[in-house]
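Residue numbers (the numbering used here), protein chains in the order written: chain X, 68 to 374; chain G, 68 to 374.
Wrong hints could be hidden among the right ones.
As the list claims (entries may be wrong) - With the C-beta cut set under 8 Å, the calculated list includes, among others, these residues of chain G facing chain X:
1. LEU196
2. PRO292
3. ILE371
Hints are computed from structural coordinates only; laboratory data are not their basis. Where is the CB? At the ideal position from N, CA and C, for every residue including glycine.
There are 2 protein chains.
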Amino acid sequence: MSLITVGTMAFDAIETPFGKTDRIVGGSATYVAYAAINFVKPVQQISIVGFDFPKDEMEELKRRGVQLDGVEIVPGKKSFFWSGRYHEDMNTRDTLITDLNVLADFDPKVPDSYQGAEFLMLGNLMPKLQLSVIKQLVKRPKLIIMDTMNFWMEIAMPDLEEVLKHVDMLMVNDAEARQLTGQFSLVKAAREIMKMGPQFLIIKKGEHGALLFHRDDVFFAPALPLEEVFDPTGAGDTFAGGFIGHLAKSGDISFENMKRAIIVGSAMASFCVEKFGPTRLKEVNKNDIDVRIQQFKDLVSFDIELV
Amino acid sequence: MSLITVGTMAFDAIETPFGKTDRIVGGSATYVAYAAINFVKPVQQISIVGFDFPKDEMEELKRRGVQLDGVEIVPGKKSFFWSGRYHEDMNTRDTLITDLNVLADFDPKVPDSYQGAEFLMLGNLMPKLQLSVIKQLVKRPKLIIMDTMNFWMEIAMPDLEEVLKHVDMLMVNDAEARQLTGQFSLVKAAREIMKMGPQFLIIKKGEHGALLFHRDDVFFAPALPLEEVFDPTGAGDTFAGGFIGHLAKSGDISFENMKRAIIVGSAMASFCVEKFGPTRLKEVNKNDIDVRIQQFKDLVSFDIELV
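Just need the whole structure built from these sequences, with the hints factored in.
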């Protein structure tokens, strides 16, 4: 089954307690693609880049099975650029620079060749653009997942509420879930969000794992306790890519299969943070992923008899 | 098998975003006892109280199977008093008042009737007192667990290091593990702590669950996502009580059984936070506990085949 991923392709400058990189490829769609392509082909990318986005990165994505017909290349402008610095706890960061560049003109177009895709991952973007993609699809995908951020809650809440009515799952972090609902309790926040449209909700808690909600069911997956989180940039998008990649591979969107997909997403995210940008994601193979998934099983498996 | 628990019995005044109580029974040994007694009898308490500690609380503990021969009652002095205020996130709190009262004179004595106990839970106390209890035991228990806090790392680190050499497990929160080792990564902190003496380590992360370390093995149990955390006071001690209570019940101190014990401890802690002080712990019965443990199984169980 095919998967459309919509989001940014960008350059990032990242500073962590462990090191610094001035310019590395990033962007939500990049991370989603590098994670999902391990499970499903093709991944159909919709994004926008400037003249400066590396040709060899585009070739690398294509070589792996990512289709780029939906990636607009703007000759006279630069690619989106983000720069940030992480604090010691790696859960908080300061944004130093956001140069929208080409992103300011982004008007995603779904190529004809992408029509019929059964899975759609809407990365964090202006809600109007997310809705535009949904509306361009002739046949509604089997599963639509969206990400968003606090910024849109502040400046485009009515648009955001409209998109929420059209998606099956919202995937946000704990702070975003709280801001969206005004509820501190994540259980209460989850209930309110599921009234806004999505039947499924994933709340990402970074190093503290992720929660999946559906009706009265809840599932929790931890993050792998790592010796070092080298660079958390893209971990959330990588998680999303692994998650939807696993679902698209199997075509099964049951709650039970979403549990498995969360483990797969968590495993992919645990690789992502080991090196700067998507570097580590490009290195891992199927065996590495299987070994990591087994570590997750060992981490949470217990056997208790109620007598 | 019998279990000795050493710690405080106290009065607490607690303020949370949900309410306020001026004076409720608390103290680490109280919480440990109310949790552990569901699984093992007798629980043998070592503590100190003043003239003001309620007789009916003592009777309630005895009625449930907690032995109080080791609890010194000081006629002319007041019981230990702690007062604190929780912030909205419930993971941080300000201590408003600490009146040591009788605790300033605490010199724990192990009654002859407690000799031979196979499990020992050393609540957070001056390290010298923890060591004194260990030395008074004629036969070394099968398992010794200790709690501690940052305060002792600051003013009594050499004593703390000495106790650590005599225990099997340290149970601390994430901030304490970091302070004890100077390592931010909990995986690295765990490795260093296990070099200091304890073969086993539990790092409690509050609403984010708990990690169990032993050699190269690691196990993670989440906290139950609750609609409301009403009062987190005593949750860590309740966790400890459920944990060691389960181990003492079975007599099995394997890593596999410790995994189960963590789930039991987490289940007990999830009750503790539902009402002020130990109120909720006194209400729950075996069926409530079994239902809660089943919720934990559902929360983390997944089935993934690597193909």
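Each hint tested on the structure:
With a least beta-carbon distance of about 32 Å to chain X, the hint placing G/LEU196 at the interface is violated under the 8 Å criterion. At its closest, the beta carbon of G/PRO292 sits 5 Å from a beta carbon of chain X; the interface hint therefore holds under the 8 Å criterion. A hinted interface residue such as G/ILE371 counts as satisfied when its beta carbon comes closer than 8 Å to some beta carbon of chain X; here the least separation is about 5 Å, so the hint holds.
When each numbered hint is compared with the structure, a violation occurs for hint 1 only.
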